[in-house]
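Enquirer: Protein sequences appear in the order of chains U and Y. Everything in the first sequence is counted per our numbering, starting at 1 for the first residue and increasing by one. Everything in the second sequence is counted per our numbering, starting at 1001 for the first residue and increasing by one.
Treat the hints with care, as some may be off.
[As the list claims (entries may be wrong)] Derived DSS-like pairs (lysine-lysine); straight-line CA-CA distance at most 30 Å:
#1 Y:LYS1291 with Y:LYS1308
#2 Y:LYS1219 with Y:LYS1281
#3 Y:LYS1269 with U:LYS87
#4 Y:LYS1267 with U:LYS87
#5 Y:LYS1267 with Y:LYS1417
#6 Y:LYS1269 with Y:LYS1426
It is worth saying that the hints were derived from the structure and are not from the lab. Only a predicted model underlies this, so the values are computations on that prediction, with no experimental measurement involved.
Listed here are the chains, written in short residue letters.
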Amino acid sequence: MPDPQDTGLAPAPAPTGAGAIASGPPKRRRYSILTRRDKIVLLLMVGIPVALDVTFIWLPTLASILLSFTNYQGIGGITAANIVGLKNYVFLFTQYTLFWPALSHNLLWLAFFVFIASPIGIFFAVLLDREIRGSRFYQNVFYFPVVLSLAVVGFIWELQYAPDGFIDSALGLTSQNNAIDWLGNPSLNIWAVLVAASWRHVGYIMVLYLAGLKSVDPTLREAAAIDGASEFQTFFRVVFPVMAPINIVIVVVTVIESLRAFDLAFIINQGTNGLELLSTLITNNSISEASLIGFGSSIAVVLLVISLVPIVLYLSRVMGSASE
Amino acid sequence: MANQDTSRPEAPSTTGPRSVTRRDVLKGMAVVAGAAAVPTILAACGAGATAVPTAAAASVAAPSTGVPSAAPASAAGVTGTVTVGSNHSDASEVKGMAAINAAFIAANPGITVTMNAVDHNTFQNQISSYLQGTPQDDFTWFSGYRMRFFASQGLTTAIDDVWAKVSSNYTGAFATAVTGDDSHIYGIPVDYYPWAVFYRKSVFSDKGYTIPATWADFKTLCTKMQSDGLIPITFGDKDGWPAMGTFDILDLRLNGYDFHTQLLTGKQKWTDPKVTTVFQKWAEIMPFHDKTFAGLTWEKACDTLIQKKSGMFMFGLFLTGEFASTGTPADLADLDLFPFPAMGTQYDAEDALDAPIDIWMVSAKSPTLQADLDAAKAYMEFWSKGSTQLLMFQNQPGFIPTANDTDTSSFSDLQKKAVQIVSQAKKITQFLDRDSRPDFAGANGMQSFLQKFLANPTQDTTALQAQIQAFWDALPPATV
Chain U
1 MPDPQDTGLA
11 PAPAPTGAGA
21 IASGPPKRRR
31 YSILTRRDKI
41 VLLLMVGIPV
51 ALDVTFIWLP
61 TLASILLSFT
71 NYQGIGGITA
81 ANIVGLKNYV
91 FLFTQYTLFW
101 PALSHNLLWL
111 AFFVFIASPI
121 GIFFAVLLDR
131 EIRGSRFYQN
141 VFYFPVVLSL
151 AVVGFIWELQ
161 YAPDGFIDSA
171 LGLTSQNNAI
181 DWLGNPSLNI
191 WAVLVAASWR
201 HVGYIMVLYL
211 AGLKSVDPTL
221 REAAAIDGAS
231 EFQTFFRVVF
241 PVMAPINIVI
251 VVVTVIESLR
261 AFDLAFIINQ
271 GTNGLELLST
281 LITNNSISEA
291 SLIGFGSSIA
301 VVLLVISLVP
311 IVLYLSRVMG
321 SASE
Chain Y
1001 MANQDTSRPE
1011 APSTTGPRSV
1021 TRRDVLKGMA
1031 VVAGAAAVPT
1041 ILAACGAGAT
1051 AVPTAAAASV
1061 AAPSTGVPSA
1071 APASAAGVTG
1081 TVTVGSNHSD
1091 ASEVKGMAAI
1101 NAAFIAANPG
1111 ITVTMNAVDH
1121 NTFQNQISSY
1131 LQGTPQDDFT
1141 WFSGYRMRFF
1151 ASQGLTTAID
1161 DVWAKVSSNY
1171 TGAFATAVTG
1181 DDSHIYGIPV
1191 DYYPWAVFYR
1201 KSVFSDKGYT
1211 IPATWADFKT
1221 LCTKMQSDGL
1231 IPITFGDKDG
1241 WPAMGTFDIL
1251 DLRLNGYDFH
1261 TQLLTGKQKW
1271 TDPKVTTVFQ
1281 KWAEIMPFHD
1291 KTFAGLTWEK
1301 ACDTLIQKKS
1311 GMFMFGLFLT
1321 GEFASTGTPA
1331 DLADLDLFPF
1341 PAMGTQYDAE
1351 DALDAPIDIW
1361 MVSAKSPTLQ
1371 ADLDAAKAYM
1381 EFWSKGSTQL
1391 LMFQNQPGFI
1401 PTANDTDTSS
1411 FSDLQKKAVQ
1421 IVSQAKKITQ
1431 FLDRDSRPDF
1441 AGANGMQSFL
1451 QKFLANPTQD
1461 TTALQAQIQA
1471 FWDALPPATV
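Use the sequences and the hints to build the structure in full.
Expert: Shown next, in the form of C-alpha cells:
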C-alpha cells in the first residue's frame, strides 16, 4: 500500500442546510476515511446493481415511453414515419372502448383487495393468533392457495365456475335456462375472478400478519388486559399501532398484487368480455400476433403512471423515516 | 453518502416482451421417432393403398405410378438438412408430422429433417418475432391476408419454382390462396376445412327434422328443437374467435363475397347499414343459442352436440377431433353437415363459405436457409403430394388434403360432403381473422367487439359499429 493511511476525520464538505451551498468552493485535497480499495469495492457494490437496474428497468421503461409515441409494429426499424405523437393516447382515452372498463377493473381490483380481501386476511390472522384448537391446521388450509401458481388457481376456479361445475351444481342451477354463467356473463365475471384472486390473497396476507402478531411483545397485551381493555380495544389501540411496519408491508403487498393483476383474467379468457385489465390489454395488443407495439406501450405507460403513485408514496415514507 | 439506501423500488413492469419460446421441445424427435416408425408406416400403407400409392416410400419404388407430373423424381440427389417449424402441437398432429417426416427421409435419403414443434397458439402469437429472428427453413402458416402480410414484409421466400412443378396438382382456387401481392407464390397449400352447420343424423331422424334450406326453415327448426328440449344451436365463444365464423357466413349470405372481403380489408366501412343487417339477423337466432356460450370453449360446446343435448353447431370441420375422441366410433359416423341456409338474397347463389387453407412456407431469415435451400424446397414439394397430406389426414381427419392426386377412397361420407360443399362454392373465404389484419382481429379488437354484441344482441349496434370503425381507423397504416 503506497498510500499512507491518511485518517483525516474531516467530514466531507457537504452542505447541510438547504440552499446553503456556496458556489465554487476552494480546490483542496479531499480527505476520506476510505482507502482506494474500499472505494473500488464500494463502486462495484453500488455500480453493479445500478447497472442492472438501469439496463433492465430504466432503459426498458424509457423505451416503452418512447415507443408509445409511435405506431411501431415490431417489424424492421423505427423510422420517422412511425412517429405519431400523441395519437395513441388520444385514441386510448377517447375512442378505445376497452380502456375505461379495463382501468375501472384495475381500480375495482385494488379496492376489493384493500377493503375486503386484506382485512379478511388480517382477521384470520388475529383469530389464528389466539391459539384456538387446530390453529396450525387452519393456518395450512388458508395458506395452501398461496403455494399454487395463479395459473393453477385459475384452472381450479374455472372448473368451479363452469356452467356444469361445482358452484352451479351446488346451487341446483344446472339447466340451460337458470344456470349462472359465472365466467361468461360480462357483468358478473369480474366479481367471480375477484373471489378467486382473494382466495389466494387472503392466505398470503394472513401469514404475513400472523408472523407480525407473533412478534408483538406479550407484555403489551398483558398490560392492556390489566388496565381493563377489552379484546377489541387491545387490538385496535395497542396491537395494531405496534404493528405499523407490518401494516405498511401489507398495504404495499396489496397494492402490488392488485396492479399486477393479470394471470387469472388471462387464463380465463385472455382478458376479454368483461375481464379487461390494463395488463391484458397491453399483452393482447402488443405481444400477440397483433403486434401493435406502439399502442400497447401507451397503455403500459398509463399503468406505469398509476403504479408510480403508490411507489412514490411508499418510497417517500421509507426514505423519510430513514433520514430521520 | 455511505448511507446509501439500497431498497429498490418494485419496478412497474412495462411491456418488455416476455418471450416464452418453447424451442427445442421436439427437436430431433422426428429423426429419432421417425426412424423407428418407418417400417410400420410402410406396412400400414401397403395394406390399404391400391390404385394410388399412399405412402411416399411407395412413390420412390415406383415413381411413375401415382404421382402425376408433380414429382418427376423430384429431390433425388439433394442432400443436406432441412429445419422445419411446426405449429402442430396436438397429439394426433404430432403423430402425423412424425409420419410425414419419416416418409420424407425415406424418399430423400440424403436429407435430414430437424423439426421444432411449438404450441399452436404460441406459434401464432410469436410469428412476427419468430420470422424476424432465427426461424426454421420451412414453417407452417395460414393462407390469405396473413400469408401476404409476411410475404410483403420480406420475411418469407418466394417459391415460384416449386409451384411450377406442383401446380398441376392443385385447382385454381388454391393458386390464388398462395399468391402474394407481388404475384409470386409463397406457400404450398396442404389442407383446408370448411365451416358449416353440423348435426347428428340420429337426432334428426328420431325427431323427424329436415335440413333447413332457407332462413325461415332454419328458425322454424330451431323453435321446434327448443320445444323438444334441445339447445337448438350450441355455441362456445370463450376464446373469442368462434363467433367470427357466424359473422362471416351471415355477411357472405346477406351482403356477398365482394362486400365481405372489402369490409375486412378496410375498403368498406363498419358503419355501413349492411353490417347492421348482419347483426340484426344474428340477433334473431341468438335466443336459440346455448345460454352459457360466453363462458364455454368450443370443445365444451361441442360436447352438448355429442351428448345429443343440442341440435346444431355452426363450426369448422375440425370438430371431428372431438367426436373422434369419444371412444365410440359411432359418434363420428353419426355426424353430418349441411351448408348454412339461404337468406333470400342474390348472394345465396354464391354458396360462399369459410374454408381456411393451411400452408407451408419458406422463411427468409433462417440462418441455414442458403445452405439448405434445395432441401427446404424438396420438403415443400413433398408436402404438395396427396400421399403426404394423407399421412396427416389419417391422424387428424378434420383437415382435408388439398392435392388433386389425393386418394379419396378412405374418405368418410362426412369428409366427402365437406369436399363437395367446398367444390360447389363459387366463392371461398378464409376466416375473419385470416382475411383481415391480425391487429384488427385480435382478442382486444374484433373478438372483443363481437363479444360486446353477443352480450346484448338486441342492442342498437350503431355505437358498436362506430367503435369498430374507430379501431380500424386508429391502426397503423396498412402494409399490405
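Enquirer: Next, verify each hint and record whether it holds.
Expert: So, going through the hints one by one against the coordinates:
Only pairs whose Cα atoms come within 30 Å are accepted, and LYS1291 of chain Y paired with LYS1308 of chain Y is accepted, the gap being roughly 16 Å. Between LYS1219 of chain Y and LYS1281 of chain Y, the direct Cα distance comes to roughly 11 Å. Compliance with the 30 Å bound is thereby established for this hinted pair. Note on LYS1269 of chain Y and LYS87 of chain U: the hinted pairing holds, with a Cα-Cα distance of about 21 Å set against a maximum of 30 Å. Of the supplied pair hints, the one linking LYS1267 of chain Y and LYS87 of chain U holds, its CA atoms being roughly 22 Å apart against a limit of 30 Å.
Restraint check: the Cα-Cα separation between LYS1267 of chain Y and LYS1417 of chain Y comes to about 34 Å, which exceeds 30 Å; the hinted pair is violated. Pair hint LYS1269 of chain Y plus LYS1426 of chain Y holds up; C-alpha atoms about 25 Å apart against a cutoff of 30 Å.
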